[in-house]
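Asks: Spelled out from the first residue to the last, the chains are:
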Amino acid sequence: MNESEFVLVLASIFLQASPLMIAVAGEALTERAGVVNLSLDGSMLMSAMTGFVVAYTTDNIWLGFLAAALVGAFFALIVAFGSIYLKQSQVAIGFVLTLLGDDLSAFLGQNFVRLPGPSFSKFTIPLLSEIPILGPIFFDQNVIFYFAVILALVTYWWLFRTQPGLHLRASGERPDAAFARGVNVNRVRYLYTVLGGALVGIAGASYSLAIKIGWSDGHTRGFGWIALAIVIFGGWSPIRGAVGAVLFGATKAMATYLQRAFPEVSVVAFNSIPWILMIAVLLVVGSDFTERFTAILPKPLQGPVRQLLRVAPPMALGNTFGEDP
Amino acid sequence: MRVELNEIRKYFGPVKANDGITITFEEGNIYGLLGENGAGKSTLMKILSGFQPFDSGELLLNGSDATFTSPREALAAGIGMLYQEPLDLPPFTILDNYLLGRDNKVIPDRQAAIQELIELTQRYNFDVDIKAHIDSLSVGERQQLELVRLLAGGAEVLILDEPTTGISAEQKDLLFASMRKLAKEENKTLILVSHKLSEVQELCDHAFVLRKGQMVGETDVPCPNEKLVEMMFGQLPERSPRPSVSLEDTMLSIKEMAIRTYRLSVEGLQLDVRSGEVIGLAGLEGSGQGLFLKACAGLLRPAKGSIQLADKDITNHSYHATLAEGVGYLAAGRLEEGLVAGLTLTEHMILGALERKFMIDWESSREETSKRIEHYQVIGTEASTADQLSGGNQQRLLFSLLNTPLRLILMEQPTRGLDVRSADYIWEQLYERRKDGTAIIFISPDLDEILDRSDRIAVFYGGQMLKVVEASETNVDELGHLIGGEL
Chain F
234 MNESEFVLVL ASIFLQASPL MIAVAGEALT ERAGVVNLSL DGSMLMSAMT GFVVAYTTDN
294 IWLGFLAAAL VGAFFALIVA FGSIYLKQSQ VAIGFVLTLL GDDLSAFLGQ NFVRLPGPSF
354 SKFTIPLLSE IPILGPIFFD QNVIFYFAVI LALVTYWWLF RTQPGLHLRA SGERPDAAFA
414 RGVNVNRVRY LYTVLGGALV GIAGASYSLA IKIGWSDGHT RGFGWIALAI VIFGGWSPIR
474 GAVGAVLFGA TKAMATYLQR AFPEVSVVAF NSIPWILMIA VLLVVGSDFT ERFTAILPKP
534 LQGPVRQLLR VAPPMALGNT FGEDP
Chain V
591 MRVELNEIRK YFGPVKANDG ITITFEEGNI YGLLGENGAG KSTLMKILSG FQPFDSGELL
651 LNGSDATFTS PREALAAGIG MLYQEPLDLP PFTILDNYLL GRDNKVIPDR QAAIQELIEL
711 TQRYNFDVDI KAHIDSLSVG ERQQLELVRL LAGGAEVLIL DEPTTGISAE QKDLLFASMR
771 KLAKEENKTL ILVSHKLSEV QELCDHAFVL RKGQMVGETD VPCPNEKLVE MMFGQLPERS
831 PRPSVSLEDT MLSIKEMAIR TYRLSVEGLQ LDVRSGEVIG LAGLEGSGQG LFLKACAGLL
891 RPAKGSIQLA DKDITNHSYH ATLAEGVGYL AAGRLEEGLV AGLTLTEHMI LGALERKFMI
951 DWESSREETS KRIEHYQVIG TEASTADQLS GGNQQRLLFS LLNTPLRLIL MEQPTRGLDV
1011 RSADYIWEQL YERRKDGTAI IFISPDLDEI LDRSDRIAVF YGGQMLKVVE ASETNVDELG
1071 HLIGGEL
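First to last, the protein sequences are chains F and V. For the first sequence, position 263 matches number 496 in the numbering used here, and the numbering has no gaps at all. For the second sequence, position 382 matches number 972 in the numbering used here, and the numbering has no gaps at all.
One should not assume that every hint holds.
[Unchecked claim] Think about it this way: if two alpha-carbon atoms lie no more than 30 Å apart in a straight line, the pair counts; the simulated DSS-like pairs of lysine-lysine are:
no., chain 1, residue 1, chain 2, residue 2
1, F, Lys532, V, Lys721
2, V, Lys606, F, Lys320
3, V, Lys771, V, Lys786
Note that these hints are calculated values from the structure, not bench results.
Bound conformation, chain V alone:
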């Protein structure tokens, strides 16, 4: 199906999310849609998939005017969207999840639906156990099911939003193969929203680049990376080089550690981290890296083994005792675990301070807070509350709350929700800390980030630390296979 977007505008108050975008997607092609955070990609795709109405402009499907008031109408018209976090129902069985909105008889025909599901999963080589519950599946498998559901619903245009985050290399290959098949053999229109240039280069026929709500360029791909980058950012941003730091003595030493929860047991953990070293933990979600990080922070008690920080044994220290030894921990859930929604930035600073006074010295606290706000470029004031900040600013706030000096920083997804530039800035600050000997361990689903930022990478798979590799001696492809368990 041919999709034409003409002069699409969508304003949120003073923010011009889409400011007159004109794009045509032809059938049988795979398109890449590129742009920084806030460039307007998601808004445009939400409009196309019926999640949001547009303010003005024109949407033509095969030449005829279309407007949608819901995603359901969009799918009925042939447009389906696959979200980064699949929009499915985790507690449901696969069958129930498939049936919802698919078969609208009061008593759905379960047998027919099972047949349909099996047929479709086989056609695209997806391997899913139909009897399972959605919450027992990996993100990759949930995506496959969403794709199947959209196709069964009659999608002729498929929008995929960052589909490769958090899936293994094998699942990615499978996904890309089915995307090619859909475009080339079944003549569907595919739109890949991504910030990973390599994926766009590998998969797409043509790329559109958005910046500040406008279409700023298009090109056939593959093409030189520089061309795309220049369109995205206006000028070539240099990724801040990683200053080399001489790695000194061992800062953290994990010996023979095992962590056992009812869901997952992680055994035989062994890792020495030197001061100033950055360790990236790679792995599919739930492979054990999260438990490992929590155990290092004192949030989980290891079943056996020891944790030594500098020359002190901190095994079985509580979280607070661990923090007192100079460890900083940043959780992935910003508002859930890291920040208190209703408290101001100053109050956060006071809460996080190691020194506890009964009476609060407001004046100096405010001073300190404004210093940190400036330093970490948080857009907000000392008196704004954490929930008033945008996601990226919440993330910056979290970093500003880390005390100095620290011996060890533990982070889950440190740059989640940040665009390339902000992420770069955060990492510069982190590199700065290495000079004082701070060691850093972080988790990220983004293999590029892990590869670029780490000295060494510990790969987790199925509750094991499968391998520790030097970042300089590996590449994204190898990591992608490692996190899928292929040595």
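Pulled out of the complex, with its shape left as it was, chain F reads as follows:
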């Protein structure tokens, strides 16, 4: 692999990771507020389909994204309503919605399969894109990549630096304490479930309108589950989640590269590499390992490193909250 080829591969890894970064940021917001929206795979398919169909018929890509965001938000609203108002299992509702989204998108999108449609293109940032190596990777990218990066930074800032972010996290950690401090827990949960769903919708549309342009049956199948896994893997942080999405993309690219290098080995073997690595990382991050590891570091480093590696799900994730503690 020569240098320009390498740069191309890297640029493509970041581009491919962008929709995942968006979905992960959305789901991280939702889960930090205490709700699991398990419908990601189905709602991404629905929004990818809707986004493409709307953009195709109106010939307006922005309308496509808007429609996709609304579809994602609607799916999330069902999860929120079912779990907060009806007090039903979030997992069950999300799961059924996943199955529904898969079939419904295939049905509604059947007349729009494999049509050429509008799409986002590259936006070259002047000057910055001329930096060797980094320029072509980061600053000569599709618009969706810039959006994903900015979104990850903004959601992180929102979560950890603002008062509404505190309200959000408190609702997911200890709703009764949040309530005592004046947080309207269920309103917060509705808000961020729907907002997170809208972002998942945008993620779905960014496949059909920017990354994997067009629509076909099961167009984004699997990516919703990957996003859900990356949320956990990224410790419910949009930035770590973004890094996770890129690493995931990198292992996929590596699998493709290895496939070419060892044509005699079965394709299936290489395709499973990213999953195995992901499980391995989850095992390491979720076990005592981080505590053991930080314990051997010099004292001043321990705090920041533990903070960096600290992965714990929001304590009240998946619990319903009735205002009677």
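Following the hints, position chain V against chain F.
Replies: Chain V in isolation, oriented as in the chain F frame:
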């Protein structure tokens, strides 16, 4: 601030939690609120602090009518409540925890908040590392932070619910000193909800006693203990005397045991327990006593050392193998670790039986269950599920599930959630078992319980069994210092 409660009523279905309570709290005083479990103390305080609305009655703050729909409104009106288990956010940093609900700008002013925090903690001599996370702090430190937060939020009336459970003597002294300062120098109104008479006597100016949802008496304190007890219970309950049992041979022998987890290493554990002996394990939460108990039950594998039960070496036995040797274990988390929420009492009995049959003999199981229900005074039927029982009854159910005979009973917080009488009953049953030579080891955050119920007390501090003392030769004060690491 002067708080008047007039004819406050709060019913939960047929239960009259508060049945027309009239109390006035004047500013600058420290009040004690006493009563058995279920007397209505917590309901009344939840009403006062905005957690629950009342059905009828009147709440006056400095003479003017007030109603709250949330704790936040109550705090804005000047009433703050400190819970036994601090109502904070363990995964947050101290600063984030402080900022939540305090500074309501979209982007909070962190520098100002840090200044405020430092100032307030210094004013009350609290020593907390501002950079830490809440979950790295002790219960005492978390209470201090809650207190600071409530004061910063403008609390003029502070309600403290059993604030001394699980904190060291040093932290207790500090807490009491700041409570006095708040009442006497800053003219706040303080209400201490407690069942510990000694604390009320030590700290309060005046005490109110509730029984069955009604105010049954008040008195200036200090006063004779008997007076308070009589108001609380109607008559003087005698604490069941501890029958003396001749302690026989060694039942459990721990030698050179070490337990290592990434959080805490417990080293050099050495203990001989004779049959019929009751050993209380004292210590602040996470000092190693919990790990020790789990290791004895076979739930944790010790890194080194040996455990001998009667004449058998049970080191490295699994939990189930340990139980088969005649050991009973009661965990602190009733519904989490001890009981299965959806199963009936009969099914629990069958699960716990040592003899495993493929087909269940329902009839005799039901019979056995109803026998145990009666014996342990569980309010429920063979067919009720564990989660339908109240907390106290769940605890009684746990005891009823212990098989007989046993060589050793290991318990975490055996009387958590039980009132004095129920706790007494449970202990009578336990004493009964000592006669067969059963040894008992238990953990409790309540030093009084440890002192009254044990023959010997093993004090844990920072992963060490600091000292083993004879219960008859020590007192609560000494224990309080020992669990804080002061020898």
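Asks: Within a Cα-Cα threshold of 30 Å, do Lys532/F and Lys721/V meet the stated pairing?
Replies: 15 Å, holds
Asks: Would the hint linking Lys606/V and Lys320/F be met if the CA-CA limit is 30 Å?
Replies: Since the Cα atoms of Lys606/V and Lys320/F sit roughly 29 Å apart, the hinted pair holds (cutoff 30 Å).
Asks: Lys771/V and Lys786/V: Cα distance at most 30 Å?
Replies: Holds - the C-alpha atoms of Lys786/V and Lys771/V are around 21 Å apart, at most 30 Å.
In the structure shown, no violation is registered for any of the earlier numbered hints.
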